[in-house]
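Engineer: From first to last, the protein sequence lines stand for chains A and B.
All residue numbers for the first sequence refer to our numbering, where the first residue is 1 and numbers rise by one.
All residue numbers for the second sequence refer to our numbering, where the first residue is 1 and numbers rise by one.
Because the hints were derived from the structure by calculation, they are not lab data.
Since this is a predicted model, take the numbers as computed values, not measurements.
Wrong hints could be hidden among the right ones.
All copies of an identical chain are treated as equivalent in the list; a pair is satisfied when it fits inside any one copy or across any two copies.
Unchecked claim - With a straight-line cut-off of 27 Å between C-alpha atoms, the simulated DSSO-like cross-links for lysine-lysine are:
hint : residue 1 : residue 2
1    : 9         : 323
2    : 289       : 230
3    : 441       : 323
4    : 49        : 31
5    : 435       : 147
6    : 230       : 49
7    : 49        : 93
8    : 420       : 93
9    : 441       : 93
10   : 284       : 35
11   : 289       : 73
12   : 310       : 65
13   : 435       : 35
14   : 49        : 284
15   : 73        : 39
16   : 73        : 284
17   : 310       : 27
18   : 435       : 82
19   : 31        : 68
There are 2 protein chains.
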Amino acid sequence: MVVRDEVRKMKSVAPLVAAMSNEARCKALEKVAEKLIEKQDAIFAENKKDLEAAAENGVADAVVKRLKFNEDKLRDVVAGIKQLITLEDPIGKVTLDREMDEGLRLTRITCPIGVIGVIFEARPDALVQISSLCIRSGNCPVLKGGKETTFTNRILFGIIYDAVLEAGFPEGCMLQVEQHNEIDELLTCDGLVDLLIPRGSNAFVRYIMDNTHIPVMGHADGVCHIYVDKDADIEKAIPIIIDAKTQYTAACNAVETLLIQRDEELIGRLMPRLTAALAENGIKLRGTKEVTDVVDRVVGENSGESTEGKNLEYESISEDEFKEYLALIVSAKFVDNVDEAIEHINLHGSHHTDAIITENDETAARFMQLVDSAGVYQNCSTRFADGFRYGFGAEVGISTSKIHARGPVGLEGLVTYKYKIVGHGQIVGDYASGKSEFHFKDL
Amino acid sequence: MVVRDEVRKMKSVAPLVAAMSNEARCKALEKVAEKLIEKQDAIFAENKKDLEAAAENGVADAVVKRLKFNEDKLRDVVAGIKQLITLEDPIGKVTLDREMDEGLRLTRITCPIGVIGVIFEARPDALVQISSLCIRSGNCPVLKGGKETTFTNRILFGIIYDAVLEAGFPEGCMLQVEQHNEIDELLTCDGLVDLLIPRGSNAFVRYIMDNTHIPVMGHADGVCHIYVDKDADIEKAIPIIIDAKTQYTAACNAVETLLIQRDEELIGRLMPRLTAALAENGIKLRGTKEVTDVVDRVVGENSGESTEGKNLEYESISEDEFKEYLALIVSAKFVDNVDEAIEHINLHGSHHTDAIITENDETAARFMQLVDSAGVYQNCSTRFADGFRYGFGAEVGISTSKIHARGPVGLEGLVTYKYKIVGHGQIVGDYASGKSEFHFKDL
Numbered sequence: 001m002v003v004r005d006e007v008r009k010m011k012s013v014a015p016l017v018a019a020m021s022n023e024a025r026c027k028a029l030e031k032v033a034e035k036l037i038e039k040q041d042a043i044f045a046e047n048k049k050d051l052e053a054a055a056e057n058g059v060a061d062a063v064v065k066r067l068k069f070n071e072d073k074l075r076d077v078v079a080g081i082k083q084l085i086t087l088e089d090p091i092g093k094v095t096l097d098r099e100m101d102e103g104l105r106l107t108r109i110t111c112p113i114g115v116i117g118v119i120f121e122a123r124p125d126a127l128v129q130i131s132s133l134c135i136r137s138g139n140c141p142v143l144k145g146g147k148e149t150t151f152t153n154r155i156l157f158g159i160i161y162d163a164v165l166e167a168g169f170p171e172g173c174m175l176q177v178e179q180h181n182e183i184d185e186l187l188t189c190d191g192l193v194d195l196l197i198p199r200g201s202n203a204f205v206r207y208i209m210d211n212t213h214i215p216v217m218g219h220a221d222g223v224c225h226i227y228v229d230k231d232a233d234i235e236k237a238i239p240i241i242i243d244a245k246t247q248y249t250a251a252c253n254a255v256e257t258l259l260i261q262r263d264e265e266l267i268g269r270l271m272p273r274l275t276a277a278l279a280e281n282g283i284k285l286r287g288t289k290e291v292t293d294v295v296d297r298v299v300g301e302n303s304g305e306s307t308e309g310k311n312l313e314y315e316s317i318s319e320d321e322f323k324e325y326l327a328l329i330v331s332a333k334f335v336d337n338v339d340e341a342i343e344h345i346n347l348h349g350s351h352h353t354d355a356i357i358t359e360n361d362e363t364a365a366r367f368m369q370l371v372d373s374a375g376v377y378q379n380c381s382t383r384f385a386d387g388f389r390y391g392f393g394a395e396v397g398i399s400t401s402k403i404h405a406r407g408p409v410g411l412e413g414l415v416t417y418k419y420k421i422v423g424h425g426q427i428v429g430d431y432a433s434g435k436s437e438f439h440f441k442d443l
Numbered sequence: 001m002v003v004r005d006e007v008r009k010m011k012s013v014a015p016l017v018a019a020m021s022n023e024a025r026c027k028a029l030e031k032v033a034e035k036l037i038e039k040q041d042a043i044f045a046e047n048k049k050d051l052e053a054a055a056e057n058g059v060a061d062a063v064v065k066r067l068k069f070n071e072d073k074l075r076d077v078v079a080g081i082k083q084l085i086t087l088e089d090p091i092g093k094v095t096l097d098r099e100m101d102e103g104l105r106l107t108r109i110t111c112p113i114g115v116i117g118v119i120f121e122a123r124p125d126a127l128v129q130i131s132s133l134c135i136r137s138g139n140c141p142v143l144k145g146g147k148e149t150t151f152t153n154r155i156l157f158g159i160i161y162d163a164v165l166e167a168g169f170p171e172g173c174m175l176q177v178e179q180h181n182e183i184d185e186l187l188t189c190d191g192l193v194d195l196l197i198p199r200g201s202n203a204f205v206r207y208i209m210d211n212t213h214i215p216v217m218g219h220a221d222g223v224c225h226i227y228v229d230k231d232a233d234i235e236k237a238i239p240i241i242i243d244a245k246t247q248y249t250a251a252c253n254a255v256e257t258l259l260i261q262r263d264e265e266l267i268g269r270l271m272p273r274l275t276a277a278l279a280e281n282g283i284k285l286r287g288t289k290e291v292t293d294v295v296d297r298v299v300g301e302n303s304g305e306s307t308e309g310k311n312l313e314y315e316s317i318s319e320d321e322f323k324e325y326l327a328l329i330v331s332a333k334f335v336d337n338v339d340e341a342i343e344h345i346n347l348h349g350s351h352h353t354d355a356i357i358t359e360n361d362e363t364a365a366r367f368m369q370l371v372d373s374a375g376v377y378q379n380c381s382t383r384f385a386d387g388f389r390y391g392f393g394a395e396v397g398i399s400t401s402k403i404h405a406r407g408p409v410g411l412e413g414l415v416t417y418k419y420k421i422v423g424h425g426q427i428v429g430d431y432a433s434g435k436s437e438f439h440f441k442d443l
């Protein structure tokens with residue numbers, strides 16, 4: 001299969017898919033859900049082949065967990081599809097309706113983006129979610145999943161594609177590519193592919209961004225911060241930090257850097273509890289010298305009376321070495337106040353998701369106004385940055401760009417708009433000469 | 001001046017500009033308008049230097065016309081500023097307000113994009129318009145205008161920058177770069193510049209797109225089409241075609257290609273009138289052999305009785321030679337029906353603006369649904385594609401991308417959003433384990 005030829009075909013049917021009615025798109029999704037349930041045994045059998053191959057190749061347990069597609073996962077994706085069906089149609093919304101002059105009417109109407117390439121990790125449920133979002137929003141997806149799920153992806157794609165064809169979608173409206181080298185071919189399809197959404201490692205996303213002229217939506221890094229303010233409630237701070245680091249350590253919205261206000265009272269309250277909690281959860285601390293000096297003292301003080309924090313693994317590093325760990329390691333430094341925290345985050349963060357822990361709403365408001373990130377939180381875990389948790393049904397990815405979509409991207413990020421004007425022979429010359437005049441009136 | 005250092009400083013003040021109130025931004029614009037009027041004599045004196053240099057360098061008349069900044073232009077830009085002040089604030093709009101669970105509230109709020117680099121042609125009024133749009137929307141602009149307006153740009157920038165500082169904006173919130181080689185330095189400022197808007201020739205825009213990792217908004221080509229359907233009213237078709245080609249021939253929204261339905265009755269009605277009108281307006285026709293054969297016949301028939309169309313300059317070319325002329329030349333071919341017109345436009349157009357001439361509203365609706373362009377018009381000139389004519393006050397450019405803004409880009413295209421969550425210590429672990437559950441409720 002030559003990817004470019006297939007994509008060219010897709011480009012020519014994309015306007016037809018964009019013109020499918022809301023009913024037709026919802027009916028297609030119902031068919032997809034039906035067929036997935038109907039063919040579950042066949043799906044599980046194919047998934048078993050992927051799991052066996054993973055076992056043979058010594059794939060890590062964490063990855064194997066994601067590869068698995070069982071009754072639970074099937075139930076989840078079907079529930080996701082049903083939720084998508086209930087959401088308001090994102091297509092065909094009139095967002096501007098303006099009379100420019102008598103008999104000259106301008107409307108702006110939402111429409112699908114067109115052909116969207118999504119390159120995603122080895123998770124069969126992701127294939128179903130991304131396909132469903134595209135079907136709901138009238139877009140044509142080119143799907144490339146992780147190679148560890150080849151068998152499962154193949155049968156899932158076949159089922160979904162058959163279902164949408166049965167529902168009246170045109171042939172060529174969905175495409176699966178399986179070979180890694182086909183990604184490079186896809187990257188050259190500017191003019192045919194309207195948007196690329198790569199998910200995966202930093203290096204991979206960066207590679208995509210650097211090697212295509214197609215617009216790319218996504219994020220490379222996820223260096224998320226938690227700033228603990230002097231007015232923080234420690235009972236909230238500790239569980240939030242532990243959750244943000246451990247609930248899913250490899251996620252882009254996991255916390256990587258702690259900023260703590262340089263306030264004696266706060267440090268006295270926080271550090272013994274924090275060192276104990278980090279130690280208890282096996283999290284290694286990499287702090288500036290100032291931080292590790294405090295930890296030395298805290299651990300020393302504790303050693304006589306309690307073992308809390310005693311087992312903490314920690315080391316002193318320079319601020320330049322702070323980075324995205326995606327592991328049970330967290331950086332830490334002290335800052336004078338919320339403004340220094342904001343400055344640090346805007347300069348060193350990745351504009352993904354950053355939180356402040358404080359009971360002072362004024363300080364929080366300042367933080368949330370001035371931190372230039374897709375998500376700015378007060379008193380909750382950075383791990384909430386997720387399309388499902390935002391109530392979007394599902395997400396195709398999280399964007400740290402400020403262009404187009406930002407943050408978790410659901411249906412709304414898969415939509416653009418076009419301007420329509422209906423006239424009766426009007427020409428611009430008449431408006432330039434003053435013979436006619438605009439009389440803008442929103443309808 | 002090292003551009004990167006200045007841009008880094010701008011990046012750090014951008015959140016402060018983003019936090020300026022609506023009142024402060026409007027007041028700054030009022031000050032700009034006041035000062036422009038106050039200092040008009042000095043502005044005109046500087047403009048005279050640019051005009052003299054242009055005369056010395058033999059700059060083309062059309063360009064000189066654009067360089068000129070006189071009372072009329074001043075009145076227009078001041079009127080534009082006043083209009084901008086009256087428009088609804090694009091910043092701080094709550095576009096989502098959702099309770100995720102008790103005491104966990106998600107809001108989505110519009111905010112400025114941040115640092116925007118705009119590279120524009122030698123038009124002093126463009127500098128004022130772009131600056132005003134950025135001030136109104138809380139963005140920090142890096143401005144690079146055409147070198148032919150160096151003196152005028154310098155004084156205009158100084159006046160505007162002084163005015164916003166007086167209004168309380170932070171130092172470094174606006175920047176002018178004057179040297180062409182500084183553009184290349186600007187292109188390397190990814191991570192600091194959030195968006196680039198290049199305006200100018202195809203080759204220039206393409207160069208920008210190919211040489212930066214900063215997101216670029218704009219358009220390279222503007223190959224606009226007019227499709228004349230068999231149900232067209234010729235009384236509308238002819239003036240629209242002539243206006244779309246001649247009203248501003250060098251504009252991106254000028255028509256370049258005519259598609260005419262292969263219908264004997266239509267061809268009989270249209271072609272004698274069209275050839276006459278093209279000839280009368282000095283427009284050269286480059287048609288397929290089929291089209292020029294008809295022209296041969298029409299001109300021959302006319303020759304005996306009338307001179308209409310006799311002076312038409314025309315030649316036969318292959319369809320592959322159709323292109324963007326930005327001159328008094330138009331391509332033409334016959335198509336079987338609206339579907340072939342749509343296919344041609346989607347394949348060969350630049351997704352800018354395309355029009356259908358027809359009295360059949362069903363045919364028009366099909367065309368406007370399936371043509372994949374930023375603007376799709378029925379019975380009016382493609383020249384209407386413009387921010388001012390859409391009632392946006394002004395535009396920073398026209399986008400043919402389907403990502404972010406599409407079509408003429410006014411205030412709305414200079415805005416992004418951020419998600420805020422205010423919680424009370426919630427962690428994701430509790431929702432994953434089932435201890436807590438989301439209860440989405442839009443407020």
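Engineer: For each hint, tell me whether it holds in the structure or not.
Structural biologist: Outcome of the hint check:
no. : hint       : verdict
1   : 9 to 323   : between (43 Å within a copy, 23 Å between copies)
2   : 289 to 230 : within (20 Å within a copy, 80 Å between copies)
3   : 441 to 323 : neither (53 Å within a copy, 37 Å between copies)
4   : 49 to 31   : within (26 Å within a copy, 71 Å between copies)
5   : 435 to 147 : neither (65 Å within a copy, 35 Å between copies)
6   : 230 to 49  : neither (54 Å within a copy, 59 Å between copies)
7   : 49 to 93   : neither (44 Å within a copy, 51 Å between copies)
8   : 420 to 93  : both (13 Å within a copy, 26 Å between copies)
9   : 441 to 93  : both (19 Å within a copy, 22 Å between copies)
10  : 284 to 35  : neither (47 Å within a copy, 59 Å between copies)
11  : 289 to 73  : neither (46 Å within a copy, 61 Å between copies)
12  : 310 to 65  : neither (33 Å within a copy, 78 Å between copies)
13  : 435 to 35  : neither (62 Å within a copy, 33 Å between copies)
14  : 49 to 284  : neither (38 Å within a copy, 66 Å between copies)
15  : 73 to 39   : within (14 Å within a copy, 69 Å between copies)
16  : 73 to 284  : neither (33 Å within a copy, 64 Å between copies)
17  : 310 to 27  : neither (60 Å within a copy, 59 Å between copies)
18  : 435 to 82  : between (55 Å within a copy, 24 Å between copies)
19  : 31 to 68   : within (23 Å within a copy, 64 Å between copies)
The structure shown violates the earlier hints numbered 3, 5, 6, 7, 10, 11, 12, 13, 14, 16, 17.
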